[in-house]
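**Q** First to last, the sequence lines map onto chains E and C.
Residue 103 in our numbering is what sits at position 94 of the first sequence, and the numbering runs on without skipping anything.
Residue 188 in our numbering is what sits at position 187 of the second sequence, and the numbering runs on without skipping anything.
Derived from the structure by calculation, the hints contain no laboratory data.
Among the hints, erroneous ones may be present.
To be verified - DSSO-like, lysine-lysine: derived pairs with alpha carbons at most 30 Å apart:
1. Lys40(E) with Lys96(E)
2. Lys40(E) with Lys4(C)
3. Lys104(C) with Lys156(C)
4. Lys96(E) with Lys156(C)
In case you want the letters, here they are:
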Amino acid sequence: MSSTQFFAFVGVALVCIAMHSLIARAHLLRKILAINIMSSGVFLFLVALAWREQTDLPPDPICHAMVLTGIVVAVSATAFALGLLIKFNTLTGATQLNDAQQ
Amino acid sequence: MSKLNAISIALLVLAAMWFGAMIFLLPNDNLASVGLIQSDLANAGASNAVTAVLLNFRGYDTYLELVVLLIAVTGVCSLNILPTSQLTATTDKPGMVLDALAKPLLILLIMVAFYLLWLGSHGPGGAFQAGALLGAAGVLMVLAGYPIMWRIDHKAVRGLLTLGVLSFTCFGLLSLASQAGFFTYPLNHNKTIIFTIEFAAMCSIGTTLTILFISTTTNNDRHVNQTTTKR
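Next up, chain C with everything else stripped away, as it sits in the complex (with noise of 0.2 Å):
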């Protein structure tokens, strides 16, 4: 094992210098692709550059992204460890304490995610950000015991987590249609059609991570009851 150690070591020092070195090496002046966006903004649909980015001029990144959410909860949910239903529907319902503290900050985290999206428009905020947060809500739910009945074979729950990747081909295919290209939305409409894609996007992140999280904290004792029946 020292061994080991110390050739990742000498060789992880060596890479860092190369590329410490490479970084010193870099020009110091205007980034081409700045300007170019900067050119086009005005046709984007977004007055935000990043939100630009995003879903209007490098729309495969955003849409692949959210295939890959898909594959990870699809992964997630092959494995079998999401909790059965009797195990997420607990009967006891969050203290008076809790309960009074979560509410507000719930309400507070939804809002919060809605002006996100809506800020993505013309500043920083957009559907990562605002899904993140309603990721948040639904940890802070789980973790309070609300009964929430976030299973994976439950339609609704399918629904919002392909809701994102489902629009985004939707959008994409009726601009092939109306013969603009894959994802070269139609100028009048783009606006509408970047905050439906944000919309959608959120939703589905949102489920995802909350999905994710309750796949990843299991209740414990279901897996000491598997592993204590298998030896």
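One chain only, chain E, in its complex shape (with noise of 0.2 Å):
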């Protein structure tokens, strides 16, 4: 196993434990944290790919470029979803949305 395929794996693995945590948790702010970790996994999954073993040629900057544009955007959504888990919080005092409270 490559470094690449080491961390690409690494990457895929912290989506699918993500997207767990994303379905089975009832609680907002754990969706918003699995949300985020998922980001994570994607970024380390594209930045792993970016440079191949058997070449001499500098990584892909596309992939990277993705990467640092993707950071900010999930940053940025991020505060979006805590504000929207903030008003919704202060509206009606729940964590959690109706369907996920039985």
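Need the complex rebuilt from these two chains, each delivered in its own frame; the hints are there to steer you.
**A** Encoded structure:
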């Protein structure tokens, strides 16, 4: 197993673990955290696959550029989600959606 | 709940195995895009390949990414959770020790941000890293308690927020008017154009991150007051 494959696989594992949390946990803050971990997994996957072992060429700059934009988008999306959560909590006092409360 | 747990774990283990297998099936040789970018890098206006991709080859990505930032700020502001001016303009200043520690750090953050912006044309750096540092400087100012009036209805703040998208749009339309195509910069000016856009993007990203931070760390007493009056 090369380092590229190892880090790409860790990225996949992170995405899957976070996906489980996103599905199975009702608390909205945990869902937001799960989405963040998922995006970290995607970034790790992209950065790992940007460079292949048997080449003399530098890593693929397109993957790096996508990760750079992705980080900023993930941060702003997280902030928006947290804003929505704060508003939801202010209005209802709850931290879960209605259908998850039974 | 436990049934949902079991189903989700089973499906995701399968997904991880499938994607893991895909990784091992990937070709281990050259990526076509790397060669293409390397061969055209001399005309890109930035010798750093990542900056060239971000602002020239795939300018649309960065442009729409700045639009996403603007939408996120608009969304947060539409939730009406931003503190009002009375709450942000705290009357008490940071203590002597905090003030003495925060000020050099702020100066250092801003200096490193501009250094990274300049570095972006030929090395790892650029508008995003610089903007993140400016955002960190803004967060530090908020946390230390400096009375900065980050109100969204302030005209200067609105200008800073939209600066990145505006300058990107301006240069895009200018290049369109000169019949070169959207985001196809003239070869003799592309260095200046890229640096201008990066500077504007840095200002927008820094301001956006600071405002997003303020909006999610709104003074809790205001919320408590609201909920208690409601009940």
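**Q** Hint by hint, say whether it matches the structure.
**A** Hint check:
1. The hinted pair formed by Lys40(E) and Lys96(E) meets the criterion: a straight-line CA distance of about 16 Å does not exceed 30 Å.
2. The straight-line distance between the Cα atoms of Lys40(E) and Lys4(C) is roughly 19 Å, inside the 30 Å bound, and the hint therefore holds.
3. Taken as a hint, the Lys104(C) and Lys156(C) pair is honoured in the structure, with Cα atoms around 26 Å apart against an allowance of 30 Å.
4. For a cut-off of 30 Å, the pair hint linking Lys96(E) to Lys156(C) stands: about 25 Å separates their Cα positions.
The structure agrees with every numbered hint stated previously.
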